[in-house]
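Undergrad: Here the protein sequences come in this chain order: A and B. Quick note on numbering: the working numbering labels position 132 of the first sequence as 132, and the sequence is numbered without any gaps. Residues are numbered in the working numbering as their position in the second sequence, beginning at 1, plus a constant of 224.
Each hint should be verified, as a subset may be incorrect.
Stated by the list, open to error - List time: in silico DSBU-like cross-link candidates among lysine-lysine, alpha-carbon distance up to 35 Å:
hint	chain 1	residue 1	chain 2	residue 2
1	B	Lys769	B	Lys327
2	B	Lys726	B	Lys517
3	B	Lys517	B	Lys668
4	B	Lys366	A	Lys65
5	A	Lys3	B	Lys327
6	B	Lys784	B	Lys517
7	B	Lys692	B	Lys838
8	B	Lys517	A	Lys3
9	A	Lys3	A	Lys192
10	B	Lys668	A	Lys65
11	B	Lys726	B	Lys634
12	A	Lys3	B	Lys558
13	B	Lys487	B	Lys606
14	B	Lys558	B	Lys287
15	B	Lys784	B	Lys634
Claimed, not checked - Incomplete in silico selection of chain A near chain B, CB under 8 Å:
hint	residue
16	Gly45
17	His69
18	Phe72
19	Ala96
20	Phe99
21	Ile124
22	Gly128
23	Ala146
Calculated from the structure, these hints are not laboratory results. Where a beta carbon is used, it is the ideal one built from N, C-alpha and C, also for glycine.
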Amino acid sequence: MKKIPILYGLTFLLSFCSIVYELILAQTLSAFLANTVLRYSVTIGLYLFSLGMGSLLAEGKFFEKPGLHLIFIEIFLTLLGGFSVVFMFLLDGSRASFFIFSLLGHLFVVVIGVLSGFEVPLLIVFIGQQRDNKESLILGFNYLGAFCGTILFSFILYPYIGLVSAGFLVGLLNAVAGILLFFICPQSLSRKIFYLQCFLCFILILCLWHSNFLNEQLLRMYLR
Amino acid sequence: MLNKKSLPFIYMITVILSMCSILYELLIAQTIVSLTMNMVVIYSLTIGLYLISMGGGAFYFYKFLNNKNHWKSLFYTEILLAIFGCFSVVAIYTGHMFWGFFKAHFHLLPGYFIFWGIAISIILLIGFLTGIEVPLLLDIGKENSQALRANRILASDYFGSLVGGVIFPLWLLPHFELIEIALIVGFMNFLVACFIIFLSKEKIRVLSRLFLLGIFLFFIVSFFCAGSLQQFFLKKYYYADASNGFLSLFRADKDAPAVQHYKTSYQDIDIVSVSPMPSPYRELLRFYSRKYKWHPDWPENIVLYMDRLFQFWAGFEELYHEYFAHIPVILNNKIPQDVLVLGAGDGLLIRELLRYPQIKNITHVDIDHKIIELAQQHPLIKILNQNALRDSRVMSIVADAYPFLRHNQKKYDAIYMDFPIPFDYSFSKLYSREFYCFVLRSLKEDGNAVLDAPYMHDMKTVKQEDAKDYFYTLKAAGFETIFTFSSRLEDDNPQAQDLMLKAIGTRDRLTIVEQFDNFDFQEKEIIGRENIMRKFLSDFVNDYKEKFIFLKKQKGSINKEYQNFVEGLFILNKERFYGAIGEPQIKDTPIEGFAVNSIFQPTLPRISYWWRVKRPY
Chain A
1 MKKIPILYGL
11 TFLLSFCSIV
21 YELILAQTLS
31 AFLANTVLRY
41 SVTIGLYLFS
51 LGMGSLLAEG
61 KFFEKPGLHL
71 IFIEIFLTLL
81 GGFSVVFMFL
91 LDGSRASFFI
101 FSLLGHLFVV
111 VIGVLSGFEV
121 PLLIVFIGQQ
131 RDNKESLILG
141 FNYLGAFCGT
151 ILFSFILYPY
161 IGLVSAGFLV
171 GLLNAVAGIL
181 LFFICPQSLS
191 RKIFYLQCFL
201 CFILILCLWH
211 SNFLNEQLLR
221 MYLR
Chain B
225 MLNKKSLPFI
235 YMITVILSMC
245 SILYELLIAQ
255 TIVSLTMNMV
265 VIYSLTIGLY
275 LISMGGGAFY
285 FYKFLNNKNH
295 WKSLFYTEIL
305 LAIFGCFSVV
315 AIYTGHMFWG
325 FFKAHFHLLP
335 GYFIFWGIAI
345 SIILLIGFLT
355 GIEVPLLLDI
365 GKENSQALRA
375 NRILASDYFG
385 SLVGGVIFPL
395 WLLPHFELIE
405 IALIVGFMNF
415 LVACFIIFLS
425 KEKIRVLSRL
435 FLLGIFLFFI
445 VSFFCAGSLQ
455 QFFLKKYYYA
465 DASNGFLSLF
475 RADKDAPAVQ
485 HYKTSYQDID
495 IVSVSPMPSP
505 YRELLRFYSR
515 KYKWHPDWPE
525 NIVLYMDRLF
535 QFWAGFEELY
545 HEYFAHIPVI
555 LNNKIPQDVL
565 VLGAGDGLLI
575 RELLRYPQIK
585 NITHVDIDHK
595 IIELAQQHPL
605 IKILNQNALR
615 DSRVMSIVAD
625 AYPFLRHNQK
635 KYDAIYMDFP
645 IPFDYSFSKL
655 YSREFYCFVL
665 RSLKEDGNAV
675 LDAPYMHDMK
685 TVKQEDAKDY
695 FYTLKAAGFE
705 TIFTFSSRLE
715 DDNPQAQDLM
725 LKAIGTRDRL
735 TIVEQFDNFD
745 FQEKEIIGRE
755 NIMRKFLSDF
765 VNDYKEKFIF
775 LKKQKGSINK
785 EYQNFVEGLF
795 ILNKERFYGA
805 IGEPQIKDTP
815 IEGFAVNSIF
825 QPTLPRISYW
835 WRVKRPY
């Protein structure tokens, strides 16, 4: 299989998922906390800050086993991003204090941002293995993914799918992207990890299947 | 020409330039949003187009600029950005000005093409130029040092975006006009351009130095002119008039009174002085309302706009506020003691509520402290609201209504909701099922809520689906009684008809032009004095018709008998009450789940007609 188109597709998918997670989190936080203007700026600002931190931290030894690092990042992102909304609902339902809720909510934003920040440098390493001087196209697909993420979230995911189910859907996309990774560097990744990815896909499909029921339960908890 | 010491400067330049880049993006998006209706669509489109053109800029770099002198390319990019960037806001305002001109002459389609053409060109141009920056800086970094830290350049890029993304809404927007922000960012680009010359140690010719000095002076002068430029465009927006020719667009309206413009973190508030109503409308208003008969000294010719949209006109606001405040009291057949008012920061609704001595407390919640301040201190508004917000019974809280109500434990007899039209997701949550659940929770058992329902008052342009939106959402929230009434004036009163007939005089033939938002207009001929009179009168009455929704927890009887709970009203009387409650109701149908507006899955704002542009009337 041709690796380069897969790499571009992967870049697109990963940046798409990353920004949609953040937008979902921004909307969720504004449903639970006050002050929308502040909320959005802080969330997007934290996201960009964390992306920067992720880029900075991606140095040196990090690049030795790019495939392994990338797959673990994707697994964490799938778990965190896909279930962040549900977690915030549960946290709110447990009547946690405003401070703890705020802290954990923003912690999600930061962690997802930092992990996403690792992605582009790693992907650049991959493309460097294939061809020289094509980082610009990686950056290009990165931007394109962010653009599609913003548009799709505002027009389709948020109004027609809802925050909770959108989280599951994007988590699923992320898991699928992780599976794509196995085509890029089949040598460095073990079977166990492959099965783990498939299992994650399965869980997310299950959640999507029962999304109506889950939405109802969470809403009931929210309105209490 | 470069050495290792330049590397930290390159990171610094990256931070500043990416900050400028995101500032332009947010600035242009904000400018277009302030002039159009659907914030979600416009914001997404602007940012999306900007990102795409950034990609285009990066592509252009790799195709054409890869082998040229990088410092020179950066210098030219920055100078171009400084020049075009500082004009970006002015260009978009000018586009809107042209739109207004064409609209007034019944050419909607060319007007829209010009406005959107200019707006999109600005986005593409600025985005393209800023897209060149990061790849350029990456390459400069590469040739500069062996220790290429691509990820550090990326990190600097992100940090710059972070700084820009945070200071824009939190510091720049509340304190500076958009024109001024464009100048500030353009100036920063210019300074970076000059710094690049210093850094690259190239020799510059005298002519270039003069050119740079000229640009510098231009910026200094522009900073001083920014205020008057802002007033120029504000006046063009509010006082736009079809009677003037094309060239008059470029002349400043010196005789028009200044627009009082207040900026807050949430909205822009404008108080505009308008010319008095012409006859016969003036007499007609005096006929319907006794406000100026009893209070001739009250202000009449000011209009308050929030985010360039009409809020109230002093001359006839009592129609809206009296119906809004008093009809629910009659429908509930009880004067409330504890009242919660959400929104309505201008204090006019509260003025009406304070007429009841039986009301003990009014809790007033508004998100913007500035409008409360204006209602308390502005010389004209505080006369209009009769110092309502300074009354001892009124407690004003500056807070977002949604979390306030969510955490509210107190129960009220009556809740009034007066919110802006939902153009964005942050407003649509105030019309969501969850919010209405909180309202229901905060009501006593026999209490009532009432809201002003936008979209509903003009059934001509609004579809029945919009009405159903409210209905399903309110029903899903648990309200059993949902009753609509409107601020309807009668148009069959013989006295009013006489007034209008007198004003028409002997004219018995009239050509009217009706313009629709689907870009066509129709000319109609009306023949006969009677028919002309009826047309004018019904237009007049429909202009002021707003719809309200009265809500109660249980299914019960609504009192439809007129009660005279309070004396001294300017407009509302027995006949008008029956007219207001007599309109057909929405049919009670089972809830369609997907039509319920939720904060987790919104149905508002509507995407259709996203290209519409704001107008002041």
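Undergrad: Compare the structure with the hints numbered earlier in the document and write down the numbers of the violated ones, lowest to highest.
TA: Violated: hints 3, 5, 8, 10, 11, 12, 14, 17, 18, 19, 20, 22.
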